[in-house]
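Asks: One-letter residues, chain by chain:
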Amino acid sequence: MKKFLENLTTNQKLGGVALVLGFIALFAGDPYGGTSIKVNEKDLALSTVGNADKISVNDLADWIIKDKADFELVDLRSEEKFNEYSIPNSQCIPLTQLSSSELLRNQKIILFSDDDVASSQAWFILKSKNYKGVYILDGGLDAWKEKVLFPKAPVNGIKDELDQFEKMKEVAKYFGGSVQTDSSITETKTQIKLPTSKSSNTKTTAPTGKKKKREGC
Amino acid sequence: MTSITKILTHAFEKDEGHVHIHIKEKPYSNPYLVGVGLGLVLLAAFVIMGRGLGASGALSTAVAVTVNKIAPKHAAQNNFYKEYVGDETTNPLMDWLIFQTIGVLVGGFISGTVSHRVKKGIEKGPRISTRMRLVYAFIGGGLLGWGAKLARGCMSGQALSGGAVLNLGSWVFMMMVFVGGYAAAYFMRRQWI
Amino acid sequence: MNAPFFKFEYFNTDVSLIIAFAIGIAFGIALEKGGFGRATILASQFYFTNMRVLKVMFTAIVTAMLGLYFFSVIGFVDLSLVYLTQTNMLPMVVGGLVAGVGFVIGGYCPGTSVVAFATGKIDAVVYVLGMIFGIFVFGEMFPSIENFFNSGFMGNVTIPSYFNLSYGLVVFLVVLMAIGAFAAAEWGEKKMSEKSGKEKV
Chain A
1 MKKFLENLTT NQKLGGVALV LGFIALFAGD PYGGTSIKVN EKDLALSTVG NADKISVNDL
61 ADWIIKDKAD FELVDLRSEE KFNEYSIPNS QCIPLTQLSS SELLRNQKII LFSDDDVASS
121 QAWFILKSKN YKGVYILDGG LDAWKEKVLF PKAPVNGIKD ELDQFEKMKE VAKYFGGSVQ
181 TDSSITETKT QIKLPTSKSS NTKTTAPTGK KKKREGC
Chain B
1 MTSITKILTH AFEKDEGHVH IHIKEKPYSN PYLVGVGLGL VLLAAFVIMG RGLGASGALS
61 TAVAVTVNKI APKHAAQNNF YKEYVGDETT NPLMDWLIFQ TIGVLVGGFI SGTVSHRVKK
121 GIEKGPRIST RMRLVYAFIG GGLLGWGAKL ARGCMSGQAL SGGAVLNLGS WVFMMMVFVG
181 GYAAAYFMRR QWI
Chain C
1 MNAPFFKFEY FNTDVSLIIA FAIGIAFGIA LEKGGFGRAT ILASQFYFTN MRVLKVMFTA
61 IVTAMLGLYF FSVIGFVDLS LVYLTQTNML PMVVGGLVAG VGFVIGGYCP GTSVVAFATG
121 KIDAVVYVLG MIFGIFVFGE MFPSIENFFN SGFMGNVTIP SYFNLSYGLV VFLVVLMAIG
181 AFAAAEWGEK KMSEKSGKEK V
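Residue numbers (this note's numbering), protein chains in the order written: chain A, 1 to 217; chain B, 1 to 193; chain C, 1 to 201.
Only chain A is shown next, with the shape it has when bound in the complex (with noise of 0.2 Å):
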């Protein structure tokens, strides 16, 4: 055996190998099992989204403000909802077209939607398919409405309340909202302008949107 091995060519040896390791791959399996959802119904139903995987609509303003750039915010509405309003910096990625995304495993991704439904299904799908910093936007775009856009004054608050409002004033008027009074909330609560989404840079993926990238020659 040895001696056969040593009476080849380097040509045929290169053969060999080729032959050996292309043999193997008959067997080897799908290069693309990392990529397809391997779904392990035990640890699905362990996992919930817990309080850690939430990250609360104050922190986001605040980090947006900050141009802190380190993830990436999806929304999961339609397209023409996107279109109307939606968080500045956000791409749109409505849910049944996030598994073709160009989402990266390595990323931070922060999911939003109306209220917390969709981006916990969304959670779900994005963790079975080993996605690692997962996060959903605590209350959604609702909560991002109520407490970053068009806070309320607290009524006869106290001093450290009042300051705080005073910095939230700033916030929802950073993000074009209004704060909004009592008497101001029963009466105009449907007439509540939303800023237009043109203004801020927003950025669309799909379908007409970002294109991608060319890596071809």
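Fair warning: there could be bad hints in the mix.
Unchecked claim - To list a few chain A residues with every Cβ distance to chain C over 12 Å, as calculated:
no.	residue
1	Phe4
2	Gly50
3	Lys54
4	Tyr85
5	Glu161
6	Phe175
7	Gly176
8	Val179
Claimed, not checked - Cut-off 25 Å, straight-line C-alpha distance, at most; resulting in silico cross-link-like pairs (SDA-like, lysine to any residue):
no.	chain 1	residue 1	chain 2	residue 2
9	C	Lys195	B	Arg127
10	C	Lys191	B	Ala184
11	B	Lys82	C	Thr13
12	A	Lys2	B	Leu33
13	B	Lys26	C	Ser196
14	A	Lys129	C	Phe8
15	A	Lys13	A	Ile24
16	B	Lys82	C	Met141
17	B	Lys119	C	Ile122
18	B	Lys82	C	Ile122
19	A	Lys68	C	Asp14
20	A	Lys54	A	Phe175
21	A	Lys127	A	Gln97
22	B	Lys120	C	Gly152
23	A	Lys66	C	Asn12
24	A	Lys127	A	Asp115
25	A	Lys127	A	Asp116
26	C	Lys190	B	Lys69
27	A	Lys129	C	Pro160
28	B	Lys82	C	Gly152
29	A	Lys2	A	Lys13
30	B	Lys69	C	Phe142
31	A	Lys68	A	Leu104
32	A	Lys13	C	Lys191
33	A	Lys54	A	Ser120
34	A	Lys108	C	Asn2
35	A	Lys54	A	Tyr174
36	C	Lys191	B	Phe187
37	B	Lys69	C	Pro160
38	B	Lys82	C	Val94
39	A	Lys129	C	Ser166
40	C	Lys190	A	Gly15
Hints listed in this document are in silico derivations from the structure and should not be mistaken for laboratory results. We put the beta carbon where it would ideally sit given N, CA and C, even for glycine.
Model the placement of chains B and C on the given structure of chain A, informed by the hints.
Replies: Just chains B and C, lined up with the frame of chain A:
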């Protein structure tokens, strides 16, 4: 290196009417070993960058940027130029393929120098004039540039890189290059043999 | 550690340009060592006298394919993040034919012309000028052929996914095909050199 290319080289030197005095150039390496080396380079590109190698893309960017400089309005109406120029948020010349192609230029020169293979000359068969060879080189370059753009890639970008990831279109492209090449080879035999 | 490194943002775009330069150097060395800097060698592929092009190219494809496949199977590389050029069938067929004809007429392909240029081949300089002209003509024609350029769209499709075969099987078949092609090439070269040897006498 097989005997035939040596014969061709000798014939070429005689054809030029003078004998080069130079340090004997080294023969080219075993093609299979070179192939493994090239494959590892390609694999490194996949693993590090998640993309293959390319060549014609760099020239396309250069052409698009030039057109855009000279006639910006004209380029803005053309999707082909627009794609290579980009949205002007980034400099189109700070491009992966451009740097890679400059690397190829340097790498080719280093390897050629080490093996004493860098010398001015024209590659052709014995039966064709230098002028015709240059005309053919221009026509051939033009056809390849045009065809590679239509096919979304050249030998490096499509056949080599796409071949390794089993891209359907790349394999079709590769087969078609061989079909086109062998079909035209007969008519071009005076240039090469 | 997950690969492709760039897609997992282990380094930024500026660093990627340095890597591009380094990979380019290695690419250039490999091409030059393969003899791809000479049009006579490249063209002899089409006269069956010297099959280096086929040997180097298929060995490279097989090497990279096997490496990428096994890296993906063990979970090191996320294959779905490796760039795949979209397939547009008819434009690729036509483009391939035109490129093949151009290859024989010009004697180089884009990558090899750069190497030939670096090693002082004047025809390669002219070839590159021709290529620039070809790309410019394509660009000028683009509005009128844009529809054709985008026709036959099939998306990102691989041979295994199109023919519904397992990836491993296709890998094995490509290895077999390559080895078969190498054997045929060695045999053909021997035949051709015997023939030309006789003619010389």
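Asks: A separate judgement is required for each hint: does it hold in the structure or not?
Replies: Against the structure, the hints come out as follows:
| no. | hint | in the structure |
| --- | --- | --- |
| 1 | Phe4 | 18 Å, holds |
| 2 | Gly50 | 25 Å, holds |
| 3 | Lys54 | 25 Å, holds |
| 4 | Tyr85 | 30 Å, holds |
| 5 | Glu161 | 41 Å, holds |
| 6 | Phe175 | 28 Å, holds |
| 7 | Gly176 | 31 Å, holds |
| 8 | Val179 | 39 Å, holds |
| 9 | C/Lys195 / B/Arg127 | 20 Å, holds |
| 10 | C/Lys191 / B/Ala184 | 22 Å, holds |
| 11 | B/Lys82 / C/Thr13 | 21 Å, holds |
| 12 | A/Lys2 / B/Leu33 | 23 Å, holds |
| 13 | B/Lys26 / C/Ser196 | 24 Å, holds |
| 14 | A/Lys129 / C/Phe8 | 16 Å, holds |
| 15 | A/Lys13 / A/Ile24 | 17 Å, holds |
| 16 | B/Lys82 / C/Met141 | 14 Å, holds |
| 17 | B/Lys119 / C/Ile122 | 10 Å, holds |
| 18 | B/Lys82 / C/Ile122 | 32 Å, violated |
| 19 | A/Lys68 / C/Asp14 | 21 Å, holds |
| 20 | A/Lys54 / A/Phe175 | 21 Å, holds |
| 21 | A/Lys127 / A/Gln97 | 16 Å, holds |
| 22 | B/Lys120 / C/Gly152 | 44 Å, violated |
| 23 | A/Lys66 / C/Asn12 | 21 Å, holds |
| 24 | A/Lys127 / A/Asp115 | 19 Å, holds |
| 25 | A/Lys127 / A/Asp116 | 16 Å, holds |
| 26 | C/Lys190 / B/Lys69 | 53 Å, violated |
| 27 | A/Lys129 / C/Pro160 | 22 Å, holds |
| 28 | B/Lys82 / C/Gly152 | 22 Å, holds |
| 29 | A/Lys2 / A/Lys13 | 13 Å, holds |
| 30 | B/Lys69 / C/Phe142 | 18 Å, holds |
| 31 | A/Lys68 / A/Leu104 | 18 Å, holds |
| 32 | A/Lys13 / C/Lys191 | 24 Å, holds |
| 33 | A/Lys54 / A/Ser120 | 10 Å, holds |
| 34 | A/Lys108 / C/Asn2 | 16 Å, holds |
| 35 | A/Lys54 / A/Tyr174 | 23 Å, holds |
| 36 | C/Lys191 / B/Phe187 | 23 Å, holds |
| 37 | B/Lys69 / C/Pro160 | 44 Å, violated |
| 38 | B/Lys82 / C/Val94 | 23 Å, holds |
| 39 | A/Lys129 / C/Ser166 | 21 Å, holds |
| 40 | C/Lys190 / A/Gly15 | 19 Å, holds |
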